[in-house]
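Q: Each protein sequence line maps, in turn, to chains B and X. Taking this note's numbering, the leading residue of the first sequence gets 1, the next gets one more, and so forth. Taking this note's numbering, the leading residue of the second sequence gets 116, the next gets one more, and so forth.
Hints may contain errors.
[Stated by the list, open to error] Distance condition first, Cα-Cα at most 35 angstroms in a straight line; then the derived DSBU-like pairs of lysine-lysine: (1) X:Lys159 <-> B:Lys73; (2) X:Lys159 <-> B:Lys78; (3) X:Lys130 <-> X:Lys186; (4) X:Lys193 <-> B:Lys55; (5) X:Lys193 <-> B:Lys102; (6) X:Lys177 <-> X:Lys130; (7) B:Lys55 <-> X:Lys130; (8) B:Lys73 <-> X:Lys126; (9) X:Lys198 <-> B:Lys55; (10) X:Lys186 <-> B:Lys73; (11) X:Lys159 <-> B:Lys70; (12) B:Lys102 <-> X:Lys159; (13) B:Lys102 <-> B:Lys70; (14) X:Lys186 <-> X:Lys126; (15) X:Lys126 <-> X:Lys159; (16) B:Lys102 <-> X:Lys177.
[Said to hold, decoys possible] One-sided excerpt, in silico: chain X residues whose CB lies under 10 angstroms from chain B: (17) Pro123; (18) Arg124; (19) Lys126; (20) Ser181; (21) Val204; (22) Pro213; (23) Ile215; (24) Pro218; (25) Asn223; (26) Thr230.
Hints are computed from structural coordinates only; laboratory data are not their basis. Predicted model, so just to flag it, every value in this text is computed and none were measured. All residues carry an ideal CB built from backbone N, CA and C; glycine is no exception.
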Amino acid sequence: AQTVTQSQPEMSVQEAETVTLSCTYDTSESNYYLFWYKQPPSRQMILVIRQEAYKQQNATENRFSVNFQKAAKSFSLKISDSQLGDTAMYFCAFIPTGTASKLTFGTGTRLQVTL
Amino acid sequence: EAGVAQSPRYKIIEKRQSVAFWCNPISGHATLYWYQQILGQGPKLLIQFQNNGVVDDSQLPKDRFSAERLKGVDSTLKIQPAKLEDSAVYLCASSLLPGINSPLHFGNGTRLTVT
C-alpha cells in the first residue's frame, strides 16, 4: 500500500516571497507519478504540476517547481514570487503506473499568502 | 469546454436520512470517479466507473453507499441511511481514459453535513 505524508498542516508566506511545501511518500513500486494539486475555497482540485518517477529532471510550471528525490522518496513543491491567488490547500498525490491504479492523496498543507 | 458539474453545492441532513448527489462529467469522458474528502484529510476514492461499469469500489461502504452511472454519462451517489461520520465534501472527477496519461478534472464538490 502507498502512503503520502505532508508534515506541514499550515504555512504562511508573504507576497512575492518563495515558499516550499514538503511531501514524502512510501511505496514499493518502481514506476509511478507524483502530483501537486491546489484546492482553493471553491473546493475544485486543480492540477499544479506532475512528475514522472523515471525522469530525473525536476518538473517546472511557471512559478511552480518541484524537488524530486527518488531515493529519499521526497517530493517538495516550491512556489516562487508568491501571489495572493496562491492561497489554498495544497495536496501531494501519488499513483503507480497502470490503468488499475488509483490516486492516493496526502492530508494537505494550508498555504496563506499575506501582503 | 464545460467542466465537471456537481449538485447540490451544499446539503444538510439529519442522521438516518438519505441523500443523493449528482455529477455530470466532461463530455466524452469515459472514466468517472467519486471521492470523499473528510475535513483535514485528502480525498479518498470511493468508486471508479469506466463508461457504465464499475472498475473499483473497494472503498465504498456498500451497506449504506450506492452509486450508478446509467448510460455511461451522469452519475449519482446515494447514502442511506446517513451517519454523522459521513459529513464530508464529495468530489466527482472525470477523465478521458483510465490511467495516468489522462488527467483528472474535478468538480466543485458537494459539502454534506450530517447532524
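Q: Determine for every hint whether it applies to the structure shown.
A: Hint check:
1. For the given pair, Lys159 (chain X) sits about 21 angstroms from Lys73 (chain B) by alpha-carbon distance, which is consistent with the 35 angstroms threshold.
2. Taken as a hint, the Lys159 (chain X) and Lys78 (chain B) pair is honoured in the structure, with Cα atoms around 25 angstroms apart against an allowance of 35 angstroms.
3. Among the hinted pairs, Lys130 (chain X) with Lys186 (chain X) is consistent with the structure: their alpha-carbon atoms are about 31 angstroms apart, no more than 35 angstroms.
4. As the CA atoms of Lys193 (chain X) and Lys55 (chain B) are separated by approximately 41 angstroms, the hinted pair breaks the 35 angstroms bound.
5. Only pairs whose Cα atoms come within 35 angstroms are accepted, and Lys193 (chain X) paired with Lys102 (chain B) is accepted, the gap being roughly 22 angstroms.
6. Straight-line distance between C-alpha atoms of Lys177 (chain X) and Lys130 (chain X) comes to about 17 angstroms, which keeps the hinted pair within the 35 angstroms bound.
7. At roughly 49 angstroms between alpha-carbon atoms, Lys55 (chain B) and Lys130 (chain X) are farther apart than 35 angstroms, so this suggested pair is violated.
8. At most 35 angstroms may separate the alpha-carbon atoms for a hinted pair to count; Lys73 (chain B) and Lys126 (chain X) exceed this at roughly 39 angstroms.
9. With a C-alpha separation of about 44 angstroms, the suggested pair Lys198 (chain X) and Lys55 (chain B) falls outside the 35 angstroms cut-off, and the hint is violated.
10. Distance restraint check for Lys186 (chain X) and Lys73 (chain B): the Cα-Cα separation of roughly 41 angstroms exceeds the 35 angstroms cut-off, and the hinted pair is therefore not satisfied.
11. Distance restraint check for Lys159 (chain X) and Lys70 (chain B): the Cα-Cα separation of roughly 24 angstroms lies within the 35 angstroms cut-off, and the hinted pair is therefore satisfied.
12. Annotation: proposed proximity of Lys102 (chain B) to Lys159 (chain X) holds, straight-line Cα distance about 10 angstroms (limit 35 angstroms).
13. Of the pairs offered as hints, the one joining Lys102 (chain B) and Lys70 (chain B) holds, with about 20 angstroms between alpha carbons and a cut-off of 35 angstroms not exceeded.
14. Taking the CA atoms of Lys186 (chain X) and Lys126 (chain X), the gap is near 26 angstroms; set against the 35 angstroms cutoff, the hint holds.
15. Annotation: proposed proximity of Lys126 (chain X) to Lys159 (chain X) holds, straight-line Cα distance about 20 angstroms (limit 35 angstroms).
16. Straight-line distance between C-alpha atoms of Lys102 (chain B) and Lys177 (chain X) comes to about 19 angstroms, which keeps the hinted pair within the 35 angstroms bound.
17. Given hint, Pro123 (chain X) at the interface with chain B, is violated; its Cβ is 13 angstroms from that chain's nearest Cβ, farther than 10 angstroms.
18. For Arg124 (chain X), the suggested interface contact is upheld, since its CB lies about 9 angstroms from the closest CB of chain B, less than 10 angstroms.
19. With 10 angstroms as the threshold, the beta carbon of Lys126 (chain X) stays out of range of chain B, its nearest partner Cβ sitting at about 14 angstroms, so the hint is violated.
20. Annotation: Ser181 (chain X) was flagged as interfacial toward chain B, and the flag is violated, the nearest CB pair being 19 angstroms apart, outside 10 angstroms.
21. Nearest Cβ of chain B to the Cβ of Val204 (chain X): about 6 angstroms, under the 10 angstroms cut. The hint holds.
22. The beta carbon of Pro213 (chain X) comes within 5 angstroms of a beta carbon in chain B, closer than 10 angstroms, and the hint placing it at the interface holds.
23. Given the 10 angstroms rule on beta carbons, the hint for Ile215 (chain X) holds: about 5 angstroms separates it from the nearest Cβ of chain B.
24. A least Cβ separation of about 6 angstroms between Pro218 (chain X) and chain B falls short of the 10 angstroms threshold, and the interface hint therefore holds.
25. For the restraint placing Asn223 (chain X) at the interface with chain B, the shortest Cβ-Cβ distance is roughly 5 angstroms, inside the 10 angstroms limit, so the hint holds.
26. Interface hint status for Thr230 (chain X): violated, as the beta-carbon distance to the closest one in chain B is roughly 20 angstroms, over 10 angstroms.
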